[in-house]
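Turn these sequences into a full structure, and let the hints guide you.
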Amino acid sequence: MEQALEKLRQTAPLVQSITNYVVMNNTANALLAVGASPIMAHAHKEVRDMVSIVHALVVNIGTLDDYWVESMALAAQHALELGKPWVLDPVGAGATPYRNEVLGQLIAFKPTVIRGNASEILSLANVAVASRGVDSANRSEEAVDAGRQLATQFDTVVCISGASDFVIDRHRTVRIENGHEWMPRVTGMGCTASVMIGAFLGAEEDPFEATVNAMTVMGVAGELAAEKSTGPGSLQLHFYDALFSLTDKQLLDRAKLTRNEPT
Amino acid sequence: MEQALEKLRQTAPLVQSITNYVVMNNTANALLAVGASPIMAHAHKEVRDMVSIVHALVVNIGTLDDYWVESMALAAQHALELGKPWVLDPVGAGATPYRNEVLGQLIAFKPTVIRGNASEILSLANVAVASRGVDSANRSEEAVDAGRQLATQFDTVVCISGASDFVIDRHRTVRIENGHEWMPRVTGMGCTASVMIGAFLGAEEDPFEATVNAMTVMGVAGELAAEKSTGPGSLQLHFYDALFSLTDKQLLDRAKLTRNEPT
Amino acid sequence: MEQALEKLRQTAPLVQSITNYVVMNNTANALLAVGASPIMAHAHKEVRDMVSIVHALVVNIGTLDDYWVESMALAAQHALELGKPWVLDPVGAGATPYRNEVLGQLIAFKPTVIRGNASEILSLANVAVASRGVDSANRSEEAVDAGRQLATQFDTVVCISGASDFVIDRHRTVRIENGHEWMPRVTGMGCTASVMIGAFLGAEEDPFEATVNAMTVMGVAGELAAEKSTGPGSLQLHFYDALFSLTDKQLLDRAKLTRNEPT
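Protein chains in written order, with my numbering: chain Y, 1 to 263; chain G, 1 to 263; chain R, 1 to 263.
Simulated from the structure, these hints should not be mistaken for lab results.
All values derive from a computational prediction rather than experimental measurement.
A portion of the hints provided could be inaccurate.
Which copy is meant is left open, because identical chains are indistinguishable; a pair holds if it fits in one copy or across any two.
Dumping the calculated SDA-like pairs for lysine to any residue here, alpha-carbon to alpha-carbon at most 20 Å [said to hold, decoys possible]:
#1 K45 x E101
#2 K249 x Q3
#3 K45 x P97
#4 K45 x G104
#5 K256 x E227
#6 K45 x D66
#7 K84 x F154
#8 K228 x S245
#9 K45 x N100
#10 K256 x S164
#11 K84 x A108
#12 K45 x A73
#13 K249 x Q10
See the structure below:
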């Protein structure tokens, strides 16, 4: 993590998102603020061309419909063909049969990282959960076993975000305890975490460490923003300012990481 | 109104919006800030499944097209079937024949509440008005008779928002004089009022009182936000902070309501 | 430029945008803050009706797909038929063959103004450029000759935005050196410039001067906002506040314009 932000800013990775309408503005601003560049393009006629020029792809199913699902599949498939890293954000997994069906289709394209809240990760791992729509009714701790199962089955990195974030692969687990309680009161913070992972995937070889870096940046920027804020409205704007001015030294000083031994 | 916010926050209602692209982010943030949870889903294959898990539905025709109109109709019909409350926001009523045709279709599914500006309510009631697009060229007072006619004809609650807001049913009228002149300079404040009504419908039996509560919360939060702001940009963010920290006591202290005798 | 803002606010022009999902909220807020009114409507069944009631149209291809391209073409064609001014924002020109094909189709409807960054203007003028997606890899100075060629060929005004902005027609060039380095770190500032041009086109006869006014307002508002900001997050909100309170006197005092002799 020593020079994670410096490396990111030197690379200035292009990150393509095929994401939901609600958060497009947030995620574009977060990428610009941290030093990356967003691209949003979903037309079937160009989605593969875009994948070929970006550093990483992020697919988020929040406001999916048939046209967009086809865009997501075309993009994910092309990322796989080109060996480019891509992130799957399974928003609302488990809330409807349609979402589950689409996720089954997308996961076949071998996402480099899957990031969701506990309910979404539990649902993806076929654990029956009570859905709260797009919010999580479960704590992230409860989904660690399901996350490991997913990571092993699909040979991917799984990130479970929540009050504590977990980054998991077949053997490793990192727990990150940065962040602030107001962050879930701002729409799209989870989706922003996913594009942040995309940005770090564009600048860092190891997807596991890229994910740890991204989630730590999210948490630390959230803490710094909260210190200047009076609620979730002001948090959102200070969050971009914090991403913009965050240094690697601040990141290291404030990171609260626990690295577990391989299990 | 005594414990309106407390009740809302205990319920934490899930509110599904099928709304326009411009305001999705705002309305999601407002719901999260006040203590509710937003869901945005419009795919024909899941829109009814989502209606079945939420407390209330909001349909806003701002950026309609044929696919989305079908989503709106599917959702509104299912809300009617399940007896779930739903709000119709007739953005731009009267601006084009297409909008009027779509509104005729949607209103048949018996919205629990209709909220619009004066021009929209006049247009819905078939009063010829000069359109200003999605802004209102009329004062809310001018639409009270049209609102009563609509409320009676469709057995619904009608809310006319403007410098003064009116909540109307067959017999009752409440005039709310909270709010701030900068609020119409922030995009989507009307749309936000509609989802706020959706949130209170999820936590309060009587749709008339739920609408009064929602509009008073909007106005009081707008006033509190304006006190800290230097224009419509800062108003928007302080508005979320105000929704987040608003108490029932503040609400009661600042509410400027006039309840009229049945006419 | 003497009374540019006063004239705009008296006219309160209706500006229709057919634009990308990422920036709809920003551009609507900017129009409201400066004193104009936004309309976003793209349904094939109403897009021409909307063109007929607005002062100006803005077409931005950021998140295009086939349905939206048809909406753009219908609207642009109708603007041409009615003699209404319209602005073309060729987002990501050159990034994919599909974008180039669509731009070829739209430019045939004779945009009143074309506004893009240097890479986009170079690409539109068929100069081979290395694409950075939707960001510019070129300085605006490098695109002045290409801009003049476009302006001459299509009898239009061309605006190249960047650290310095250029407004160009067949004979004239104005260089504007207002603005702030954080502005490109806020998503949609270019798109906002395009709708601002739309607003001034609705209030000013000469499209060249309207474009100069709009770009100067953008730059000066950005400078005023930066003085109060700690990064791109706070810049965005202070930018709306600055647009809202900006006066013609401030505009004249701070404008850094260089008008070149006809070349």
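request  = Go through the copies and call it for K45 and D66: within, between, both or neither, with a Cα cutoff of 20 Å.
outcome  = both (15 Å within a copy, 9 Å between copies)
query = Using 20 Å as the alpha-carbon threshold, which applies to K45 and P97: within, between, both, or neither?
reply = between (28 Å within a copy, 9 Å between copies)
request  = Please work out whether the CA atoms of K45 and E101 approach to 20 Å or closer within one copy, between two copies, in both situations, or in neither?
outcome  = For K45 and E101, the Cα distance is within 20 Å only across copies (11 Å; inside one copy 24 Å).
20 Å Cα threshold - placement of S245 relative to K228 = So K228 and S245 pass the 20 Å test inside a copy (14 Å) and across (16 Å) alike.
key: Within, between, both or neither: K249, Q3 at alpha-carbon 20 Å   = within (9 Å within a copy, 47 Å between copies)
message = At most 20 Å between CA atoms: does that hold for K45 and G104 within a copy, between copies, both, or neither?
response = between (24 Å within a copy, 16 Å between copies)
query = For the identical chains here, do K249 and Q10 meet the 20 Å Cα criterion within one copy, between copies, both, or neither?
reply = For K249 and Q10, the Cα distance is within 20 Å only inside one copy (17 Å; across copies 41 Å).
message = My question is about K256 and E227: at a cut-off of 20 Å on alpha-carbon distance, are they close within one copy, between copies, both, or neither?
response = Classified as within: same-chain Cα gap 17 Å, cross-chain 34 Å, threshold 20 Å.
request  = Give the relationship of K45 and A73 under a CA distance limit of 20 Å: within one copy only, between copies only, both, or neither.
outcome  = Classified as both: same-chain Cα gap 13 Å, cross-chain 18 Å, threshold 20 Å.
query = How would you label the pair K256, S164 (within, between, both, or neither) given a Cα cut-off of 20 Å?
reply = within (10 Å within a copy, 43 Å between copies)
Homo-oligomer pair classification [A108, K84; C-alpha up to 20 Å] = Answer is within: at 15 Å inside a copy they meet the 20 Å cutoff, but 37 Å across does not.
message = Within, between, both or neither: how does the pair K84, F154 come out at a Cα-Cα threshold of 20 Å?
response = Result: close within a single copy only, 16 Å intra versus 40 Å inter.
Violated hints for the displayed structure: none, as all numbered hints are satisfied.
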